[in-house]
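With the sequences and hints as input, model every part of the structure.
Number of protein chains: 4
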Amino acid sequence: MKKVAIVGASGYSGEELVRLLLNHPQVEVTAVTSRQNAGQTVAQVFPRFASHPRSAALRFSEPNAGLLANRAEIVFLALPHGVAAEFAVPLMQAGCVVIDLSADFRLKSPEVYKEFYAHDHPAPDLLKKSVYGLPEVYRKQIKEALLVASPGCYPTSVLLPTWPLLRSKLINPHGIIADSLSGVSGAGRKAEVDYLFCECNESVRPYGVPKHRHLSEIEEQMSLAAGMKVTIQFTPHLIPVNRGILTTLYLAPVEHFTDAAGAAAFGDKIAACYEAAYAHEPFVRVLEGKALPDTKNVVGTNMMEIAWRLDPRTGRLIVMSAEDNLVKGASGQAVQSMNILCGFPETAGLI
Amino acid sequence: MKKVAIVGASGYSGEELVRLLLNHPQVEVTAVTSRQNAGQTVAQVFPRFASHPRSAALRFSEPNAGLLANRAEIVFLALPHGVAAEFAVPLMQAGCVVIDLSADFRLKSPEVYKEFYAHDHPAPDLLKKSVYGLPEVYRKQIKEALLVASPGCYPTSVLLPTWPLLRSKLINPHGIIADSLSGVSGAGRKAEVDYLFCECNESVRPYGVPKHRHLSEIEEQMSLAAGMKVTIQFTPHLIPVNRGILTTLYLAPVEHFTDAAGAAAFGDKIAACYEAAYAHEPFVRVLEGKALPDTKNVVGTNMMEIAWRLDPRTGRLIVMSAEDNLVKGASGQAVQSMNILCGFPETAGLI
Amino acid sequence: MKKVAIVGASGYSGEELVRLLLNHPQVEVTAVTSRQNAGQTVAQVFPRFASHPRSAALRFSEPNAGLLANRAEIVFLALPHGVAAEFAVPLMQAGCVVIDLSADFRLKSPEVYKEFYAHDHPAPDLLKKSVYGLPEVYRKQIKEALLVASPGCYPTSVLLPTWPLLRSKLINPHGIIADSLSGVSGAGRKAEVDYLFCECNESVRPYGVPKHRHLSEIEEQMSLAAGMKVTIQFTPHLIPVNRGILTTLYLAPVEHFTDAAGAAAFGDKIAACYEAAYAHEPFVRVLEGKALPDTKNVVGTNMMEIAWRLDPRTGRLIVMSAEDNLVKGASGQAVQSMNILCGFPETAGLI
Amino acid sequence: MKKVAIVGASGYSGEELVRLLLNHPQVEVTAVTSRQNAGQTVAQVFPRFASHPRSAALRFSEPNAGLLANRAEIVFLALPHGVAAEFAVPLMQAGCVVIDLSADFRLKSPEVYKEFYAHDHPAPDLLKKSVYGLPEVYRKQIKEALLVASPGCYPTSVLLPTWPLLRSKLINPHGIIADSLSGVSGAGRKAEVDYLFCECNESVRPYGVPKHRHLSEIEEQMSLAAGMKVTIQFTPHLIPVNRGILTTLYLAPVEHFTDAAGAAAFGDKIAACYEAAYAHEPFVRVLEGKALPDTKNVVGTNMMEIAWRLDPRTGRLIVMSAEDNLVKGASGQAVQSMNILCGFPETAGLI
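Those protein sequences? They're chains C, G, S and P, same order as listed.
Residue numbers for the first sequence follow my numbering, beginning at 1 and rising by one.
Residue numbers for the second sequence follow my numbering, beginning at 1 and rising by one.
Residue numbers for the third sequence follow my numbering, beginning at 1 and rising by one.
Residue numbers for the fourth sequence follow my numbering, beginning at 1 and rising by one.
The hints are simulated quantities; they were obtained by calculation from the structure and are not laboratory data.
Please note: incorrect hints may appear among the correct ones.
Repeated chains share a single entry, so a pair holds when one copy, or any two copies, can fit it.
Said to hold, decoys possible - As a list, the in silico BS3-like pairs of lysine-lysine whose alpha-carbon atoms are at most 30 Å apart: (1) K190 - K290; (2) K211 - K269; (3) K211 - K169; (4) K290 - K140; (5) K3 - K128; (6) K3 - K114; (7) K211 - K290.
See below:
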């Protein structure tokens, strides 16, 4: 049993880590931290886990890197950006493997970090060591990683559907548009008027237009896939569900078609590309027939649903994805990375 | 007091017509029809209107064109497409003005109608006589109309934000993308499993991809605005709210800019274009400063909110609109047309 | 046009007062105050009212009793308890009529106030002058009032269904149970984790068991109706809707019946009692036939729906009521009181 | 591996059985039936299970008792009442153990069945053989059962909190009131207008007042617990959540108390009673301290939360319970019964 700790376990993705790791067959959760809940048990803070045999004994502590390093081999950080990096440094020095769910180690460039996060990177040296924790793309690197930067929820929903297409040069890397709809848990467990029930229920609204922070991470990864600098359009919207992200992507195929036959011919290439990329992936499902993604099909799971349509009227490729922002978009994917780097079955604790 | 009738008053847009017209200071509702509710009073079918003084006396009848023509000067049709046209013919012959909320008279071409609605148009001769009931564009024609084809909910949400830009040639008419999110009332009051509470709540899903019926109407109107044939990309999504449509439009400005200054210069033209088009419109509000549209600001009203952003990173113009699909997207707009053609103040019964 | 001011207009009931009073045909809103929004216009703070002709000119100010007294004849207080009383004193001294939506002047006894609100009453002398603003019961007194204590949302939902029965001695005043379900706006526009979207959505929970503050007010009024001291059981629950309170009352009829015939005979008395009390009330609707209350029938209106059933199996009377907690349960009822004391038609601005 | 079949697997409780049994470590699902989905795979009908290794091979078939008996040792019936009994007879004759989720075998008396279900019982002989599948009460009998009548969702929410109190004679069996709030999945996956999203969202309503069908089952079991005939008051309400039942019970303690000290003394007995009944139950959690039940703490689990308060003002005992209507209230409890009768660990597949 690997010993793991969760730092910042009182937010939504921290809570989801608690759920997944408590039930994971090959790990033991030895510490959960939270400033505001220190001293309380997991059963008290999260009554939904109270039936778990360990929830009554496991008690929240103040976050303290030294103590954590003594207790755990792997430490998950579910902290705000900026703060996460400050914890990562001493933990890594003490020999822990760190899986960070914040944005702190996702970018390779401290300049881009500063442009999008409005402060100097707290530990720029670590950027070179970190591995972007998108298993379907970086499985080999994750296996060897000491610091995993687990991807953001929006980036996951955008990158998994586009990466194989960019890699195979089936779409034009310029002019990509990603239109995303997110449940309110994406905003975190923060006491702000904007996220009150009455402000979100019976409401739909865009935000962060046109330069949301997640753009930095999406574009860096897309550029790597395409082998050239990619700049995209990204529009997030807040919708009244607890969980789920639905992303609709507008893409330009590299081949021109003007009728159903032309679209079908190019469609065979798209299908083959996705087949090659995802037929054996346990957590990506490319839908067949008339089915379209629906967040309710993936909520609570680590699965992503993808569907695509070629439109002979416009010559465009439309790709749609659905994921649970807290699972495949955050904590589930972080556990998937842990499974890989520990040599566990990749689906352990996730099905 | 003008005498008006509502045919098909038991659906969501029919119910909204009942609400608006019962409270309208210059009309008298003389008939409401519904096959399934015939014999019951408005108070019985719609308890929320039971406090209205007329709701206890006003009784649903079977739809009968002859009787309706005797009782009303203006008849609103809130019927499925195909059926609406069959009612419109005898009503117009009997001298009624018809305001149709279905898709039957929105297109000029019976061929396009057949392509999108999969049956021959039931009354092709009337297509020439009908006026597209978008007051901000066709106010003059509505004034003289005998048959108003009130626009669809999605088309309204797409056309009002784009019409002035196309007309002024500030955007490229090719390559337009409209990504729309609609509340469930858009699907009508139909007993179908797909629209049950548990199937829609905690769910977000695209549908009708890539060729939704409303495309026909959107493209015909955009083509008229642009003076050339326009083909667009349109993706509707279903989200768990009762009412509201939020549309995000991705547009290509005709001028190229690559920095904030260039964007600002072109932005002045966009601002001036919207100012000219909508500064004096009672039901279109172009937002200022940092505000972005939110359906909760317009639900229950005939108002549309519009905001726009130029993105110097991509060179694109993003325009977002919010409306109540049952008011500005259906029944409110139909009443606005009635106000115009009756010579009432345009906001009568709508504020 | 009467000049009115709204103090504390940034909360949910304050916002609802703004909506109702801006559209009221016989008043002019001359001031709206809010510490956090001072300087902004109504249109900026509440975009949903931006289409109202006065919303752009009407600007929030800091609350200042002296200035308010100069500008308004009637002042609505939508403030927390304790704070409201402090404002009421100088306003009344300056000659304003005060309609207070807080709990500060609802009780006759400063001792009971202290027991339930945990601090000394800030202005005990005013308790004698205040009139409990339940128009269906105290219409005559409201007409002459200088200080109206507008009832709480839960108390209204409990008192209107029970008052006539207690008054007519048709039910036993002992052993009454009120089980209430409230929408989240009842908790106010407060930035607290408990009322975040993700904490309320897909959640149902009781709270304040067994001694909620509103008990004090309910029991004082019930005691007045019954002519003896009444102690009741009251259990509020939070449910995921924006607005609406549904209360189910369990009552013991004074007559014993054991079969349908006996129940029907006693039912005639209940029906007659409600008929006498509410047949001519504009804002109380006793449902007939099989209909049961539903909050969706009253949301956005000042109406209360009431239905009752006698159960021959248990001998009990079940009464159910539905109201909008922000309208009949707060701001609408306050406007109704204003209409009465100003001599306006009682339904002015409320239908 | 036990072979099990699920008849009527396309409804909400059928779907939940599929979820639980596919993941159960000691059973193999050999058949799932559904008239409307016959021929389709589980992966096609329920995309949320598509990642399960068996979902692509497991195909819905027409329900046929003969074939089922060949394929399965245990058959779960998730069918409407009346239909379930017709299936149970041949299955039992063929030697299958039947776990029925309908109301058909929950009552001992065919007369009471007819009174509440309005038709003759289709197989009255089987009523004697059936065991009421409430494991906390009938564990021993379930172990030997050939026919388990799994309890209804409301009955479970009422019986678990009251059974120990009645058994210990701590409460008066007369005058019990149960006020219940249920999510919409309780109405089943039926295409009816009343359960459309727009009819349930932003709505709260009582129904089935005062004689809901589940009363028959609740009262029969309560009478067994109390050793005398019990008649209760039961009011169900529909609230806009997918899952969850919150029940508030109003009970009369057998001891009289009038102050906090008296309440505390009696409270020790209540606490001891619950401790004796549930301290070792894996799926009942009696809350401590200030905690009150919340459906969001139990949704998706087989757990029931219970809390209680003694009110010295009224002398009453208030007990509140929360459960997932589809898990502890239906399919989870049915699997719990299966675990017992098969000799599996009782929590197998349920944690």
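Against the structure, the hints:
no.: 1; hint: K190 - K290; in the structure: between (39 Å within a copy, 22 Å between copies)
no.: 2; hint: K211 - K269; in the structure: between (33 Å within a copy, 22 Å between copies)
no.: 3; hint: K211 - K169; in the structure: both (26 Å within a copy, 26 Å between copies)
no.: 4; hint: K290 - K140; in the structure: neither (34 Å within a copy, 44 Å between copies)
no.: 5; hint: K3 - K128; in the structure: within (26 Å within a copy, 53 Å between copies)
no.: 6; hint: K3 - K114; in the structure: neither (34 Å within a copy, 53 Å between copies)
no.: 7; hint: K211 - K290; in the structure: between (34 Å within a copy, 13 Å between copies)
Violated hints, in rising order: 4, 6; the structure is consistent with all others.
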